[in-house]
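J.: The primary structure of each chain is shown beneath.
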Amino acid sequence: MKKLINNPENVVREELEGIAAAHSDRLRVSLDPYYVMRSDAPVNGKVAIVSGGGSGHEPMHGGFVGPGMLDAACPGEVFTSPTPDQILAATKAVSGGSGVLHIVKNYTGDILNFEMAADLAKEEGIEVEAVVTNDDVAVQDSLYTAGRRGVGVTVLAEKICGAAAEAGRNLSQVAELCRRVNSEGRTMGMALTSCTVPAAGKPTFELGDDEMEIGIGIHGEPGRQRRKVAPADEIVDLMATAITDDLPFRSGDRVLAFVNGMGGTPLIELYIVYRALARFLGGRGISIQRNLIGSYITSLEMAGCSITLLRLDDEMLGYWDAPVNTPGLRWGA
Amino acid sequence: MKKLINNPENVVREELEGIAAAHSDRLRVSLDPYYVMRSDAPVNGKVAIVSGGGSGHEPMHGGFVGPGMLDAACPGEVFTSPTPDQILAATKAVSGGSGVLHIVKNYTGDILNFEMAADLAKEEGIEVEAVVTNDDVAVQDSLYTAGRRGVGVTVLAEKICGAAAEAGRNLSQVAELCRRVNSEGRTMGMALTSCTVPAAGKPTFELGDDEMEIGIGIHGEPGRQRRKVAPADEIVDLMATAITDDLPFRSGDRVLAFVNGMGGTPLIELYIVYRALARFLGGRGISIQRNLIGSYITSLEMAGCSITLLRLDDEMLGYWDAPVNTPGLRWGA
Amino acid sequence: MGVTYEQATALISNFAAAVATNKEYLTELDSAIGDGDHGINMDRGMRAVMPKVEALSGADISTLFRTVAMTLISTVGGASGPLYGTLFLQLGTSSKGKAELTPGDWSEALAAAVAAVQSRGKAVPQDKTMVDALLPASQALAARLAAGDDFASSLAAAEGAAHQGALETIPLVARRGRASYLGERSAGHQDPGATSSWLLMTATREAFAEGK
Amino acid sequence: MGVTYEQATALISNFAAAVATNKEYLTELDSAIGDGDHGINMDRGMRAVMPKVEALSGADISTLFRTVAMTLISTVGGASGPLYGTLFLQLGTSSKGKAELTPGDWSEALAAAVAAVQSRGKAVPQDKTMVDALLPASQALAARLAAGDDFASSLAAAEGAAHQGALETIPLVARRGRASYLGERSAGHQDPGATSSWLLMTATREAFAEGK
Ligand SMILES: Nc1ncnc2c1ncn2[C@@H]1O[C@H](COP(=O)(O)OP(=O)(O)O)[C@@H](O)[C@H]1O
Ligand SMILES: Nc1ncnc2c1ncn2[C@@H]1O[C@H](COP(=O)(O)OP(=O)(O)O)[C@@H](O)[C@H]1O
Ligand SMILES: [Mg+2]
Ligand SMILES: [Mg+2]
Ligand SMILES: [Mg+2]
Ligand SMILES: [Mg+2]
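Residue numbers (this note's numbering), protein chains in the order written: chain A, 1 to 333; chain B, 334 to 666; chain C, 667 to 878; chain D, 879 to 1090.
One or more of the hints may lead you astray.
[What the hints assert, rightly or not] Each computed BS3-like pair below joins lysine-lysine, with the alpha-carbon atoms no more than 27 Å apart:
| no. | chain 1 | residue 1 | chain 2 | residue 2 |
| --- | --- | --- | --- | --- |
| 1 | A | K2 | B | K455 |
| 2 | D | K930 | D | K976 |
| 3 | D | K901 | B | K425 |
| 4 | B | K455 | D | K901 |
| 5 | B | K535 | A | K228 |
| 6 | B | K335 | A | K228 |
| 7 | B | K535 | A | K202 |
| 8 | A | K202 | B | K561 |
| 9 | A | K202 | C | K689 |
| 10 | C | K718 | A | K92 |
| 11 | B | K425 | D | K930 |
| 12 | D | K974 | D | K930 |
| 13 | B | K535 | A | K2 |
| 14 | D | K974 | B | K535 |
None of these hints come from the bench; they were simulated from the model.
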């Protein structure tokens, strides 16, 4: 394992100290318990948005804290959900009197810890709503499983709902919008290499020099299938077909296309993926209205990418375009 | 070699097609010859800024085209300087009548091709000034060598000079500012892994599982020394010492600290590096006024980082904070 | 014949010791069908619990269980943190105001705690989770006490039922938690959470039966 | 006795063929002390040149050389593109308005072209660059013609001087171009650009000497 770290046990703490040193102008970092909040929180009268999850997905979520997006983020250990005390502390710290939305990715651990925190916050008189994202088409969804994982759509939901909260929407409106974003979004991911959890010290899975995993999650879980590596155009075809068939996306749909790097894949490759995606969607009459290209929801140093499509309506579009000012995503500010 | 590409020969063209598809709202991409320009160019009466170099360093330079930064960028093949016809075409396309600044990284090929293009542009009546960046402290500088390589400071110079041009400075003022930024900036890089040039198909150098290269360039050139891997804090100490000793940076200096990922290193590690750098500089009384943390000048999928320090004066600071609106760097817009 | 404060603390230290001893084993089970951290998670939690419990001396059983709960909740994370936290939280609630617990008190408290775990995690029997060890244990305990058996042998029956339940998770296809992503590939492996729950029932029998 | 348009085109096609044949060799030399692309670069350029030259038929020597120059400049990139481009551009300028070149014309044109390369690249002899082959070649040609030797033997002398110059780059420490980053480690390797320049002098001798 070669990483720019000191001690595998201190990775999350030192990362947070780095974030604190870098962004003290705009963020406040609590080290006990761990959370990151915008320094002007609580914003009086605004619905506050809190998210969180295991670390190792940077810039998600800590990098998305700031005006127009999250009020706070709670990082767990690498790939481990945060604990209720973190989430409770963050929720209390940013509550501006108009309720708090928890955006939770669909993993049992995340759900349970956020639920407990919400229960505790409610006991303290804070109104909390939770919305669970579950956009990963690689996982079978069923009443009898833990369901689909929450992946790329989470970034888009945090941006869009952050803008809605900033615009003065109330808690049930923001929550409702968040559910709509989740239900209109679909994602699929693939990996060319594994990642290595610092505490484990070795790659989570072994992949041959000519193999790739299709349908991976964001914690180094293996995917739907292992295949021989293929040209980017073919990989995109495979992923985009799975995504568009699922919702389904239809000719005439307006979408936001999000090409995400898994942490070890450089931008030059993401543009080649985007090119293929634009051609694929063009061929089906699906119109890309907005895009996001870069490494926003990662799996440590994994090489690979994910594609997220979100079917847009005018409200989402307006909130997507609204100003955002976070270390990881910034425009109009 | 595992990459998200189709044919190694088409990497640059397909990347440019991806950029064109992604950013047609703000950029115009020419495929013959290759260059990327802001779609509102030429901006009448504004000094235009053109840069370029080999591809494989994304987002540099194409991702830095837009209001407040570059007017055009000329990408060569991977790690190969662009040709004069590209540079000439871009220079003519963005010339707004107030002269054009060429920002050139110090590599013989880049210099010669930009020089030729400048000669040709001058023949056509366009006023051109060129500034060469050469901030890499890992290379010995001397009258009798090709001198230091241009690396991280190039990004900062493009941002600061872009703002100065936007603010109406004239060509000699912008060029003078560019020279000052270069002379006040120093960089050093390191690699945990090699990169693989698509056309070569195999890693440029071989590095053991417990080795790193210190003092690398951005084209997969091996560095000043090969060493056993060390904790991030030690690596930062080594690099920051070489940088601060060189200018030298002194107690009381105000700096911009730029921690750059080489393409395959995730953000979580860059924050750990930034933490160490902030401590190092704090201990020497050097005050970080601004920072930039992310993968901005890369070497394909190389894992590693570079550190750039720029000694700031008020003019640079003001232009750094000014609005910029490019795919790779954006704020205030 | 009942559960004293000392016996309740013995339950906690027995469980901490068992988790430490079986840390690798639990982690190995979780590597096969999860993310390979169950032993690490539980051990981090129980190591944090021990000093808190020692500092309590003289408190009541309810406070003890609540302290265990809050510590697990704030140090474990993942799925098992809130679930074991919920279990101990409910044990704390059920034992409120009681200096000692009768066998019947304990049996009711355990049943309520298992119900709380189910309500928190939405798992039903055969989902291949800790419920597959906890529920048979709690049911066996209640049934044996109702049949007039003594506390010690009833606790042993509960332990046996937990062990049996953990073993019976092997052929199941997971329907809850991270293992459910594996679908059919989760069959053939013993559930790590059911296994740690069996360890908890062993720790209980050892702590409570001796004091009878 | 001079250089016709046909001979000038033969020089170009000879050089293209030599570069193609030695593509791997030149690239190998560049791998040792540069970035391993000199053969690839030059071959890409000369392959682009050939159809342009064929399409020219009937033009004059100056146009021919300028076409070669512009094509190399716009297809090679790196250091060698502008340098070889400059060389041919100056050859074009020197031969402007001339249907044929006398040996003296050619010698003067070559000297001016080498000077242009030096002025473009700032390399002096012993910097371990193409100048170390080109300059001795041009000087030998001028000296032999001045001494009254015929064109063919003077061209052969130029070729020999280029070969000698390329070999003599081996012990040098590079002071220009990418190889200079290697410092002392660049010694012991033959310079790729000097080697391709020697191929150019061979191509010239073959093309011009036969027509005498
Ligand atoms: N919904 C649930 N209800 C009950 N138990 C569950 C549930 N989900 C998971 N578990 C239990 O948690 C165990 C895994 O715990 P652990 O590995 O610590 O957490 P994580 O899965 O978050 O890494 C599983 O073996 C299972 O017994
Ligand atoms: N300043 C210079 N003057 C003359 N020749 C040079 C100079 N710099 C480099 N060269 C020549 O260019 C050759 C390398 O060419 P090439 O590999 O095609 O370009 P690059 O170095 O940009 O990859 C060197 O072997 C050397 O002969
Ligand atoms: Mg886990
Ligand atoms: Mg080159
Ligand atoms: Mg686990
Ligand atoms: Mg070369």
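J.: With reference to the structure, classify each hint as holding or not holding.
T.: Status of the hints after comparison with the structure:
1. A/K2 - B/K455: It is violated: about 50 Å lies between the C-alpha atoms, which goes past 27 Å.
2. D/K930 - D/K976: holds (21 Å)
3. D/K901 - B/K425: violated (35 Å)
4. B/K455 - D/K901: violated (35 Å)
5. B/K535 - A/K228: holds (18 Å)
6. B/K335 - A/K228: Holds, at roughly 11 Å.
7. B/K535 - A/K202: holds (23 Å)
8. A/K202 - B/K561: Satisfied, since the Cα-Cα distance of roughly 18 Å is no more than 27 Å.
9. A/K202 - C/K689: With Cα atoms ~19 Å apart, A/K202 and C/K689 stay inside 27 Å; holds.
10. C/K718 - A/K92: Holds: C/K718 and A/K92 sit about 25 Å apart, inside 27 Å.
11. B/K425 - D/K930: Distance ~25 Å between B/K425 and D/K930 Cα, so the pair holds.
12. D/K974 - D/K930: OK: D/K974 and D/K930 at ~19 Å, within 27 Å.
13. B/K535 - A/K2: Cα-Cα ~20 Å, so holds.
14. D/K974 - B/K535: violated (47 Å)
The structure fails to meet hints 1, 3, 4 and 14 from the earlier list, while all remaining hints are met.
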